[in-house]
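Okay, here's what each chain looks like letter by letter:
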Amino acid sequence: KAGVTQTPRYLIKTRGQQVTLSCSPISGHRSVSWYQQTPGQGLQFLFEYFSETQRNKGNFPGRFSGRQFSNSRSEMNVSTLELGDSALYLCASSLGLAGGKGSRETQYFGPGTRLLVL
Amino acid sequence: AQSVTQLDSQVPVFEEAPVELRCNYSSSVSVYLFWYVQYPNQGLQLLLKYLSGSTLVKGINGFEAEFNKSQTSFHLRKPSVHISDTAEYFCAVTPASGGSYIPTFGRGTSLIVHP
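Chains as they are written, first to last, in the working numbering: chain A, 1 to 118; chain B, 119 to 233.
The calculated lysine-lysine pairs, modelled on BS3-like cross-linking and capped at a C-alpha distance of 27 Å, are:
1) K187(B) <-> K167(B)
2) K176(B) <-> K187(B)
3) K1(A) <-> K176(B)
4) K57(A) <-> K167(B)
5) K1(A) <-> K167(B)
6) K13(A) <-> K57(A)
Think of the hints as simulated: they come from the structure by calculation, not from any bench.
It should be emphasised that the depicted structure is a prediction, and the values quoted were computed from it without experimental measurement.
So that you can see chain A by itself, here it is in the shape it has in the complex:
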C-alpha cells in the first residue's frame, strides 16, 4: 500500500505570494492533518480534516487554510506569505479521526514539503 504522498517536495516563493500544498493520504484513510515544522517554533499542529470538514484547528492565523476533497486528498493554502512561513510542512493521515473521543488513531506521516519564502 502506498504511503502518504506530498507534492511538491520543495518550493520557493517570495513574500506576499500565496502557495498551495497537496497531500494524498493512504488509501482508505479519511483523516488528514497538517503540521508546520521550523527550527524556531518546532512542530506545530495546523488543522485536521475528516470527511471534508475541519475538525480541529491549531493556533495559526487565518492566512493558513485548508480543504479536503471527497477522495480524502487535502490541500493546504497559505496566503500573503511571510519570511517566517519558511518551514517543512508535514501531512499525516489516519483511518479515523485522529482525535476521536477516548482514542487516538495512529497517524502516518508524509515526507513533507519544504517551503522557502524569500
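Knowing the structure of chain A, use the given hints to seat chain B on it.
Below, chain B alone, put in the same frame as chain A:
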C-alpha cells in the same frame, strides 16, 4: 494548556549501549502521550503511545517508555541501540478528554549513535 519539555537536545551514545531520552510534560487535564522518530528528510513515525492501562508501553524497533503520572514524565528507553537509531525523537501530548485533538510537541532530542 499543555507543555512538553525534552530535557536533552542531543544525546550521544555508543552502539549497543542503553539509552534513555527524557520527556516531562505539564497539563491541567489528563493527557495521552506519544513518542515519534524522524529520520533525515522524512516525516515522523510513531514509536509508541500511552492512552491508558499499563504504564510500561512497548513500541517498535525495541523501544519502550514508562508513564509516571506523579512525576509527569514519559521517558523513552532502549536497552541496546544501533547505528540506524540515529535520528530526531519527539515527545508529544494531547488532551485525553473530549474530542479535541491539539497535540503539543517537545523540541526534539537528537540521538547520535557512534560506532
